[in-house]
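Protein chains: 2
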Amino acid sequence: MLSWLSVNRRGLITAFVAFALLFAPIFPFSTLAESPSATDPLPSWNDGTAKQAIVDFVKATTDQASPNFVPPEARIATFDQDGTLWVEHPVYTQVVYCLDRVPAVVKEKPELANVEPFKTVLSGDREAIAKLSTDDLFKILAVTLSGMTVEQFQTEAKDWITTAKDARWKRPYTELTYQPMQEVLSYLRANGFKTYIVTGGGQDFVRVYSQEVYGIPLEQVVGTAGDTKFSYDKEGKPILTKEPKLLLNDNDAGKAEGIHLMIGRRPIAAFGNSTGDRQMLEYTEAGSGARLAMLVLHDDAAREYAYGPAEGLPDTKVGTFTQSLYDEAKKDGWIVISMKDDWKTIFAPAKANP
Amino acid sequence: MLSWLSVNRRGLITAFVAFALLFAPIFPFSTLAESPSATDPLPSWNDGTAKQAIVDFVKATTDQASPNFVPPEARIATFDQDGTLWVEHPVYTQVVYCLDRVPAVVKEKPELANVEPFKTVLSGDREAIAKLSTDDLFKILAVTLSGMTVEQFQTEAKDWITTAKDARWKRPYTELTYQPMQEVLSYLRANGFKTYIVTGGGQDFVRVYSQEVYGIPLEQVVGTAGDTKFSYDKEGKPILTKEPKLLLNDNDAGKAEGIHLMIGRRPIAAFGNSTGDRQMLEYTEAGSGARLAMLVLHDDAAREYAYGPAEGLPDTKVGTFTQSLYDEAKKDGWIVISMKDDWKTIFAPAKANP
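One line per chain: the protein sequences are A and B, in this order.
For the first sequence, position 321 matches number 1272 in this note's numbering, and the numbering has no gaps at all.
For the second sequence, position 350 matches number 1301 in this note's numbering, and the numbering has no gaps at all.
Chain A with its partners taken away, still in its complex shape (with noise of 0.2 Å):
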């Protein structure tokens, strides 16, 4: 793995969420508990307004004689994936992957070497790549991403996912997932919900861990994805390659339109960390009945990371939670999750044989 990974580079985030077709890989990574504690089912959780809110939520969608009861086959409940449900600071695992994946990229087309922007990838350059252009790392998506049957993809990705590691934590990434987060989809799911990560990351990428890391069956993800071609290889077999052409993109009012092509229901309840799933909280308050609309707030520089409002992010960046976000959240009553004050313990327990 290139060693520039941890510098911070926002420019480089902001464009590759516009784009984003992650995929990733799995395995022996299971942090997930489906029968939470019988006395309390978020342990996580201090207690305070947003655990409240997640059990008083549960309680009347649930109880058939609440005015608010949902019947099981209603309720949907979607979550953001980078910054909900694990680290995304200070770059996504995805774009790591991206960028990992370019040289051997070019070991299979070298007249790649000297053309820009993988000459500038593969120097190793930090602060050259942090400078490279939208239109620059949309050609690295596109060839990083592209041109692989979908099975070459998936083979790929888990390895990478399996051995890669984040440069602070020196962890795997999927052992960086939000224990707090980990309970609720658990305490969701014991309560007859579907749960569904909708990101703006890559769905096959996501779609190649989900079930290991979240618990999620692949179906259950919905994420930016592209297109796809179905022929026939040289034995005759039929093939789906992948192309690079974007079909979906999972930011912004894409999450709305993503969870209406996807799933075909609106969601009851929607979890979130930034500006890019507002449109998927907007959409989800707007039914009738109880809602639930979280988003999660990075105020932990101790123990995680801070890059909230309070951090004095101009408005305009995509992927963060700016002041904007925050007071649309406190106007319509959604309810910011404090890192720092709500959640007791961060990361889900690493596993005794990674």
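Check the hints yourself; a few may be wrong.
It does not matter which identical chain is meant; a pair holds if it fits inside one copy or across any two.
What the hints assert, rightly or not - Below, a list of computed lysine-lysine pairs in the BS3-like style, where the Cα atoms sit at most 27 Å apart:
(1) Lys1185 - Lys1281
(2) Lys1180 - Lys1121
(3) Lys1196 - Lys1180
(4) Lys1196 - Lys1121
(5) Lys1185 - Lys1282
(6) Lys1281 - Lys1188
(7) Lys1282 - Lys1070
(8) Lys1188 - Lys1282
(9) Lys1058 - Lys1196
(10) Lys1180 - Lys1282
(11) Lys1196 - Lys1010
(12) Lys1281 - Lys1121
(13) Lys1116 - Lys1196
(14) Lys1188 - Lys1109
(15) Lys1070 - Lys1180
(16) Lys1082 - Lys1116
(17) Lys1116 - Lys1010
(18) Lys1282 - Lys1090
(19) Lys1109 - Lys1180
(20) Lys1196 - Lys1082
(21) Lys1010 - Lys1295
No lab work stands behind these hints: they were computed from the structure.
As the structure is a computational prediction, the values presented were derived from the model and not from experiment.
Once you have looked at the hints, place chain B on chain A.
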């Protein structure tokens, strides 16, 4: 409902298949029995190759001692709808819906009354309607299946499907599902399979009634899909509007591509009845382990219709069981279901209170 619907309009059907942004409605038509007979899970099937193939496949994939055992999460079965689960002859139900919608659309947009092809549709002239060009039909689809919110569409389609009736049987379309296939759906689900509809018809249309009619939840319907657009109405409420832009043409190769997009797994069983299902069956069969690929052959003019290769249809029609498809089925070991010989009964029982 317009009376020319009983006319056999192959040209119209063919053209609609290609785009087919379906969407229909729901309700009190639950024809399902999730607990098939204890002694025979497929009581409406005559003993024979087809019935035996289904039973053998289920045993092979669900018996843990079997070399072809498949874990529950990978037990994906996909079903074409029109002609496989319910009657498609002489015209697709959703096409009837679109044509029926024309007067309402013209009422909203009076300027269309004297514009073709709407003028012809309004005239009720059967022969003229049958001669409409593909471009004309696309215009009809575009105006009847877009321009409204997703909820408005659901309401309109639901209203229609609850009252519209098939011209030959004088029964709601939703009662013209095949009892033997309903038994297959139930049998598979009772054995841990997840059953999906993968239709050239409109995803939003079929989702209106899939749960009630087939026991298949909305999110397990993959179909031809148009784009939607997120925006805010006059009161600032977020809405999703159906756009006249094709996102997924879920026919032919599009079925395999749609399965990857919406499910993310290769099915292990697939059921169809026409050339539009060819690639779905090929893609299913190309996986390793036990596979089941079946085609319903319409060879029963007395109880339903006969329009298979025996009737000498040319090999160029969309949506038909051609000789080349029949030959491929025989060559590749797909099972051809003869409605005449394999099915004791055709239709699911009528409801006491439709």
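Status of each hint after checking the structure:
no.: 1; hint: Lys1185 - Lys1281; result: between (59 Å within a copy, 22 Å between copies)
no.: 2; hint: Lys1180 - Lys1121; result: neither (38 Å within a copy, 42 Å between copies)
no.: 3; hint: Lys1196 - Lys1180; result: both (10 Å within a copy, 19 Å between copies)
no.: 4; hint: Lys1196 - Lys1121; result: neither (34 Å within a copy, 46 Å between copies)
no.: 5; hint: Lys1185 - Lys1282; result: between (59 Å within a copy, 19 Å between copies)
no.: 6; hint: Lys1281 - Lys1188; result: between (55 Å within a copy, 17 Å between copies)
no.: 7; hint: Lys1282 - Lys1070; result: neither (48 Å within a copy, 50 Å between copies)
no.: 8; hint: Lys1188 - Lys1282; result: between (56 Å within a copy, 14 Å between copies)
no.: 9; hint: Lys1058 - Lys1196; result: within (23 Å within a copy, 39 Å between copies)
no.: 10; hint: Lys1180 - Lys1282; result: between (45 Å within a copy, 25 Å between copies)
no.: 11; hint: Lys1196 - Lys1010; result: neither (43 Å within a copy, 41 Å between copies)
no.: 12; hint: Lys1281 - Lys1121; result: neither (36 Å within a copy, 56 Å between copies)
no.: 13; hint: Lys1116 - Lys1196; result: neither (29 Å within a copy, 42 Å between copies)
no.: 14; hint: Lys1188 - Lys1109; result: within (23 Å within a copy, 41 Å between copies)
no.: 15; hint: Lys1070 - Lys1180; result: neither (29 Å within a copy, 39 Å between copies)
no.: 16; hint: Lys1082 - Lys1116; result: within (24 Å within a copy, 63 Å between copies)
no.: 17; hint: Lys1116 - Lys1010; result: neither (39 Å within a copy, 42 Å between copies)
no.: 18; hint: Lys1282 - Lys1090; result: neither (40 Å within a copy, 43 Å between copies)
no.: 19; hint: Lys1109 - Lys1180; result: within (22 Å within a copy, 34 Å between copies)
no.: 20; hint: Lys1196 - Lys1082; result: within (24 Å within a copy, 36 Å between copies)
no.: 21; hint: Lys1010 - Lys1295; result: within (23 Å within a copy, 48 Å between copies)
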